[in-house]
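Chemist: Listed below are the residues making up each chain.
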Amino acid sequence: MVTCNNISLDQKDIAIETRDLNIYYGSKHAIKNLSMQIKKLDITAFIGPSGCGKSTYLRALNRMNDLIPITKTTGKILFDGININDKNVDLATIRQKIGMVWQKPNPFNKSIYENIVFALKYYGIRQKQILDEIVEDSLRKVALWDEVKDRLHKSALALSGGQQQRLCIARAIATKPEILLLDEPTSALDPISSGKIEELLFELKQDYTIIIVTHNMQQAGRISSYTAFFLLGDLIEYDETNVIFTNPVVDKTNDYIMGRFG
Amino acid sequence: MVSRHYFDLELESLHQDLVEMGSKVQESIDNAINALKNQDVELSRQVFKNDDIIDELEHKIERKCINLIARQQPLAKDLRSISTALKIITDMERIADHSADICELTIKMADQKYIKPLIDIPKMAEAAKKMVNNAIHAYVTQNVELAEKVCADDDIVDDYFVKVVDELRELIRENPDVVYQATNFILVAKYLERMGDHATNISEWVIYNVTGVHKDLNHDDLTKIKVNK
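If you're matching them up, the sequences are chains A and B in order.
Those letters in the first sequence? Residues 0 to 261, by numbering that gives the first Met the number 0.
Those letters in the second sequence? Residues 0 to 228, by numbering that gives the first Met the number 0.
Bound-form chain A, shown alone (with noise of 0.2 Å):
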């Protein structure tokens, strides 16, 4: 398989690497020996057809994997120096600095409010003072204060599909993250919500490191400044958004990008 990876970070640039990653459902054998590393505050898309193993590659980033029995993982994930693939790794740690959020807003069937404050109760904080400004802060950074501040303690379910998934967004970014994984965050969203979703986005990766999946290839253009193209488990090529996106090295990522694959 040709592949390419022209990106090859500084040290202090590097928010997680990976290193001869393999991941195994059962028999089958779902990323290939995969080496990659990913830029510090900027966003960085995965794109590929179904099936190439990009979400499967990001759950792996903060262990998600580990929930479906079958998956083995063998390599190395690098994250603050150390090997979270490590079996004594202590994962509320690191799902607590590498956090996620999923293709379909999936808010609890609680109120704004506790939605936000889960994890950091779970986390052991309780002060009302410091849980308020959290949640104030959490929420404004997603651009949804005003539209809830005065419903804080209504149900969540009864926000609309864009406002829970920015409402899940700001429950990720509550537990002070240094990684955000995003899997088809906006697929299930109207173009006005996925809109403002990549609006946010961009204003967040001056705080955060940014990793999301996509299917809308046009949506990985506009908002990510590297890209990867995933197929059939390997990682065909990793560059620059604007050169795989004018300019790809690899003529399986031309047809894709050019919407001719097949």
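Treat the hints with caution; some may be incorrect.
Unchecked claim - Calculated lysine-lysine pairs in the BS3-like style (CA-CA distance at most 27 Å, straight line):
1) 86(B) <-> 107(B)
2) 86(A) <-> 127(A)
3) 225(B) <-> 214(B)
4) 214(B) <-> 76(B)
5) 36(B) <-> 39(A)
6) 127(A) <-> 75(A)
7) 39(A) <-> 59(B)
8) 107(B) <-> 251(A)
9) 86(B) <-> 36(B)
Said to hold, decoys possible - Computed footprint of chain A on chain B; a stretch qualifies when at least three of its residues, placed anywhere within it, have a C-beta under 8 Å from a C-beta of chain A:
10) 4 to 15
11) 95 to 104
To be verified - From chain A, some residues computed to sit far from chain B (all C-beta separations above 10 Å):
12) 71
13) 82
14) 107
15) 151
16) 240
Read the hints as simulated data drawn from the structure, not as lab findings.
Beta carbons are placed, not taken as given, at the ideal position from N, Cα and C, and that holds for glycine.
Given the coordinates of chain A, assemble chain B onto it according to the supplied hints.
Modeler: Positioned in the frame of chain A, the structure of chain B alone reads:
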């Protein structure tokens, strides 16, 4: 309405680059004319250096436009703005090339006493420069009226061109020894006349950017050209 803040920022940055290129182009015309008037070799060489910077700016703007088209799917007004940028940088770059062309001749004639005092060429240069300045200002302010004025002003530059060429032909006829300088000055006049045409092109694209309609406003009526007897 969803704002596209980051896209708007990129468009603004493209706009700033165009303004910077425009100001460099204006500077190159000024310097080229002053160098010609004062037979200033040093200033001429500065125009060459400036031309390299303008070429780099052109490439930078081209890359930005291509990346924006590939990544942001611009449509309607946004698409027109980016297409306009791509078109007008070619004209701006050509104008700067003509400034450099004039300086090349200035250097070649730097040690010679001019065959006549320069009177109409500086006036023509001033008219061409004004057209270029107005064209760039029309782009910056998206001013259709000003853009149309630029197109109309091309007649002033064209009239100077005919006058300067006729006069120089006459000088050659009277004294063939002046042919070297006279032909050089005819070339200078031609470069200035082309600057006016490029300013007209820029203005036509400004009008397209605002209205969505591209009209040829270069008034030369080629059907009126007659055989010289």
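Chemist: Against each hint, give a clear statement of whether it holds in the structure.
Modeler: Checked hints:
1. Taken as a hint, the residue 86(B) and residue 107(B) pair is broken in the structure, with Cα atoms around 33 Å apart against an allowance of 27 Å.
2. With a C-alpha separation of about 35 Å, the suggested pairing of residue 86(A) with residue 127(A) is violated against the 27 Å cut-off.
3. With a C-alpha separation of about 26 Å, the suggested pair residue 225(B) and residue 214(B) falls inside the 27 Å cut-off, and the hint holds.
4. Among the hinted pairs, residue 214(B) with residue 76(B) is consistent with the structure: their alpha-carbon atoms are about 17 Å apart, no more than 27 Å.
5. Restraint check: the Cα-Cα separation between residue 36(B) and residue 39(A) comes to about 56 Å, which exceeds 27 Å; the hinted pair is violated.
6. Note on residue 127(A) and residue 75(A): the hinted pairing is violated, with a Cα-Cα distance of about 40 Å set against a maximum of 27 Å.
7. About 26 Å separates the Cα atoms of residue 39(A) and residue 59(B), which keeps this hinted pair within 27 Å; it holds.
8. Restraint check for residue 107(B) and residue 251(A): the C-alpha separation of about 55 Å exceeds 27 Å, so the hint is violated.
9. For a cut-off of 27 Å, the pair hint linking residue 86(B) to residue 36(B) is broken: about 32 Å separates their Cα positions.
10. Only residues whose beta carbon comes within less than 8 Å of a beta carbon in chain A count, and the segment 4 to 15 of chain B has 3; three or more means the coverage holds.
11. Residues of the segment 95 to 104 of chain B lying with their CB closer than 8 Å to a CB of chain A number 0, which falls below the three-residue condition for coverage.
12. Against the 10 Å criterion, residue 71(A) stays outside the reach of chain B, whose nearest CB is about 37 Å from its own CB.
13. Every CB of chain B lies more than 10 Å from the CB of residue 82(A), the least distance being 35 Å, so the non-interface label holds.
14. No Cβ of chain B approaches the Cβ of residue 107(A) within 10 Å, the least distance being about 27 Å, so the stated non-interface status holds.
15. Look at residue 151(A): its CB is around 25 Å from the nearest CB on chain B, clear of 10 Å, so calling it non-interface holds up.
16. Here residue 240(A) does not stay apart from chain B, with its beta-carbon only about 7 Å from theirs, under the 10 Å limit.
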